[in-house]
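There are 2 protein chains.
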Amino acid sequence: VSGVLVTGGSGFIGWQVLAELAEQGEEVHALTTRDDPPPLEGVRWWRADLAHAAAVEQVLAQMAPTQLLHLAWFVEHGRFWQAPENVVWVERSLQLLRSFAGVGGERALMLGTCAEYDWSVPADRLSEESSAIAPATLYGASKDALRRVASAFCEQEGVQFAWARIFFLYGPREAPVRLVASVLRDLLAGRPAQVSSGTQIRDLLHVQDVAAALVALLRSPVTGAVNVGSGEAVALVEVFDEIGRLTGRPELIRRGALPDRPGEPTRLVADVGRLRDEVGFTPRWPLAGGLADAMEWWRAHPTPP
Amino acid sequence: VSGVLVTGGSGFIGWQVLAELAEQGEEVHALTTRDDPPPLEGVRWWRADLAHAAAVEQVLAQMAPTQLLHLAWFVEHGRFWQAPENVVWVERSLQLLRSFAGVGGERALMLGTCAEYDWSVPADRLSEESSAIAPATLYGASKDALRRVASAFCEQEGVQFAWARIFFLYGPREAPVRLVASVLRDLLAGRPAQVSSGTQIRDLLHVQDVAAALVALLRSPVTGAVNVGSGEAVALVEVFDEIGRLTGRPELIRRGALPDRPGEPTRLVADVGRLRDEVGFTPRWPLAGGLADAMEWWRAHPTPP
Numbered sequence: 020v021s022g023v024l025v026t027g028g029s030g031f032i033g034w035q036v037l038a039e040l041a042e043q044g045e046e047v048h049a050l051t052t053r054d055d056p057p058p059l060e061g062v063r064w065w066r067a068d069l070a071h072a073a074a075v076e077q078v079l080a081q082m083a084p085t086q087l088l089h090l091a092w093f094v095e096h097g098r099f100w101q102a103p104e105n106v107v108w109v110e111r112s113l114q115l116l117r118s119f120a121g122v123g124g125e126r127a128l129m130l131g132t133c134a135e136y137d138w139s140v141p142a143d144r145l146s147e148e149s150s151a152i153a154p155a156t157l158y159g160a161s162k163d164a165l166r167r168v169a170s171a172f173c174e175q176e177g178v179q180f181a182w183a184r185i186f187f188l189y190g191p192r193e194a195p196v197r198l199v200a201s202v203l204r205d206l207l208a209g210r211p212a213q214v215s216s217g218t219q220i221r222d223l224l225h226v227q228d229v230a231a232a233l234v235a236l237l238r239s240p241v242t243g244a245v246n247v248g249s250g251e252a253v254a255l256v257e258v259f260d261e262i263g264r265l266t267g268r269p270e271l272i273r274r275g276a277l278p279d280r281p282g283e284p285t286r287l288v289a290d291v292g293r294l295r296d297e298v299g300f301t302p303r304w305p306l307a308g309g310l311a312d313a314m315e316w317w318r319a320h321p322t323p324p
Numbered sequence: 020v021s022g023v024l025v026t027g028g029s030g031f032i033g034w035q036v037l038a039e040l041a042e043q044g045e046e047v048h049a050l051t052t053r054d055d056p057p058p059l060e061g062v063r064w065w066r067a068d069l070a071h072a073a074a075v076e077q078v079l080a081q082m083a084p085t086q087l088l089h090l091a092w093f094v095e096h097g098r099f100w101q102a103p104e105n106v107v108w109v110e111r112s113l114q115l116l117r118s119f120a121g122v123g124g125e126r127a128l129m130l131g132t133c134a135e136y137d138w139s140v141p142a143d144r145l146s147e148e149s150s151a152i153a154p155a156t157l158y159g160a161s162k163d164a165l166r167r168v169a170s171a172f173c174e175q176e177g178v179q180f181a182w183a184r185i186f187f188l189y190g191p192r193e194a195p196v197r198l199v200a201s202v203l204r205d206l207l208a209g210r211p212a213q214v215s216s217g218t219q220i221r222d223l224l225h226v227q228d229v230a231a232a233l234v235a236l237l238r239s240p241v242t243g244a245v246n247v248g249s250g251e252a253v254a255l256v257e258v259f260d261e262i263g264r265l266t267g268r269p270e271l272i273r274r275g276a277l278p279d280r281p282g283e284p285t286r287l288v289a290d291v292g293r294l295r296d297e298v299g300f301t302p303r304w305p306l307a308g309g310l311a312d313a314m315e316w317w318r319a320h321p322t323p324p
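Taken in sequence, the protein lines are chains A and B. Position in the first sequence (first residue = 1) + 19 = our numbering. Position in the second sequence (first residue = 1) + 19 = our numbering.
Calculated directly from the structure, the hints in this document are not laboratory data. Warning: the hint list may mix true and false statements.
[Said to hold, decoys possible] Just the calculated beta-carbon pair ranges, DEER-fashion:
(1) A:His320 <-> B:Glu297: 49 to 59 Å
(2) B:Arg66 <-> A:Pro278: 48 to 58 Å
(3) A:Thr285 <-> B:Val196: 30 to 40 Å
(4) B:Gln77 <-> A:Ala80: 21 to 31 Å
(5) A:Thr285 <-> B:Ser216: 30 to 40 Å
[As the list claims (entries may be wrong)] Chain A regions said to be covered by chain B (calculated; three or more residues, Cβ under 8 Å):
(6) 108-115
(7) 182-194
Glycine is no exception: its CB is placed at the ideal position from the N, C-alpha and C atoms.
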């Protein structure tokens, strides 16, 4: 009995994770609520809704996975920061983890967020070891609380527990309304892209690198919180400029047309020491190449504005 | 529509809370899983199991409580510190809180524990404002995580949220195997009581005072964490001596017959500044009087060893 159970496998990150795992020859199981999940070589889909604990328990009893990569969460753009659904997902994640431990699961990896850190204190790099935890949103607070109880539970039950704190990402299959996707789509369609000042400094990682980092972390013996980012400090204006250059339509970018969000931190960059040195992962996509890849995807998959 | 919903109403603390609320003329609703809950003047029992979220939601829709006092948890003596059931109760507590907010609930009070604090650093008094949070048990970690996500959820949903960190308690209806109850029962029955060194310093509160403090906190506008204790530092040996004196059988106490628990902190005493000054509560039972009251109860309710 072995295999990896992936939740959220049809999502933005999940799709790449499934591909990455299948490519490496892992026995991959994915939960889905769909009648017709997209066929993917090497992936076995199981129908179960994480809202129904008993059904999940039944499926896991048959599947008996030894590893868990839990990606599913409420991620509706704009709403997810403060939505009450975050609390629902704390409950579902804990139920899932208990079921996993109950069938002999050995190693669990769940998704955290850079929003667990205290954003009110400017920091050059956010570090798992030295930066303060003080989430300012319900999303961040829910992830933080999940990590605390899941980690204590796993320690008690003898399950290895790793926690990937993801930063900012972009790439193929991104929700069209998210920042990088929407600017790419606007410029490809010849529409002006209204953006904020662009002075915010962020840590951006191509979704394929995020997925590869998650799989590397899953296969490593590393436990606890690990930042998943590029470690590179990039001003959003550099992203806008690069998209302008790639599409040949830099004049369509309307910097300052949107206000910066109140309370938005000026700088969020990951200390990637643990990811690089302990997990042994380094990103494959440089920013310009990654943006070009995302552009090609949007060119091939145009969506209405 | 108004009223207080109490969970865990037939438990050690809950029973006293129901009595206290009913006495004050509150409209009191209590959830129970029993077919025949004990009749209590002024209390309306509703049959619903917190394990069944949909059933709880239905009951709350009819009841439409404005206040919630959530006491139910897994409390099996000895096991509760590390039991996986703690995680189940995080889930159930969050489900309950969402249902409560969903029917217009205005103020929620949940039970925390002194085990949320960092016990590895000796402290004269544990303070809500200045003491570090670092639970060493799954029980403490689960309560800590529940507080974090429940608090963020309530802030988002406009529900007042208070969190009572209880310390050590004793009194009528205590589980017979717990410390004060078992020593009282042994001495009343003329049996030797095997105890540890008794050098541990604790904060002990009579269960009626705990209940009165919880009701006072519920009725106050105070939010956030509030220690519920006596503020008095008492060595357990003083408790043993007092029980010996009250029962007239001091010679039956076998100090040192049991080892102290490894890692057990030498001193756990509450800073009760918030409870006293902001909530306006002071305990009614001095230790000797409280122990005498507990002794009378055990004399009237003897149980087999």
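Hints and how they fare:
Roughly 58 Å separates the CB atoms of His320 (chain A) and Glu297 (chain B), a value that falls within the hinted 49 to 59 Å. Restraint check, Arg66 (chain B) to Pro278 (chain A): a C-beta distance of roughly 53 Å satisfies the suggested window 48 to 58 Å. In this structure the supplied range 30 to 40 Å is violated for Thr285 (chain A) paired with Val196 (chain B), their Cβ-Cβ distance being about 57 Å. In this structure the hint that Gln77 (chain B) and Ala80 (chain A) lie 21 to 31 Å apart at CB holds, the actual value being about 29 Å.
Remark: the range hint 30 to 40 Å for Thr285 (chain A) to Ser216 (chain B) is contradicted by a beta-carbon distance near 56 Å. Residues of the stretch 108-115 of chain A lying with their CB closer than 8 Å to a CB of chain B number 4, which satisfies the three-residue condition for coverage. Beta-carbon proximity to chain B at under 8 Å applies to 0 residues in the stretch 182-194 of chain A; the threshold of 3 is not reached and the given coverage is violated.
Figure legend: structure checked against the earlier numbered hints; hints not met, in rising order: 3, 5, 7.
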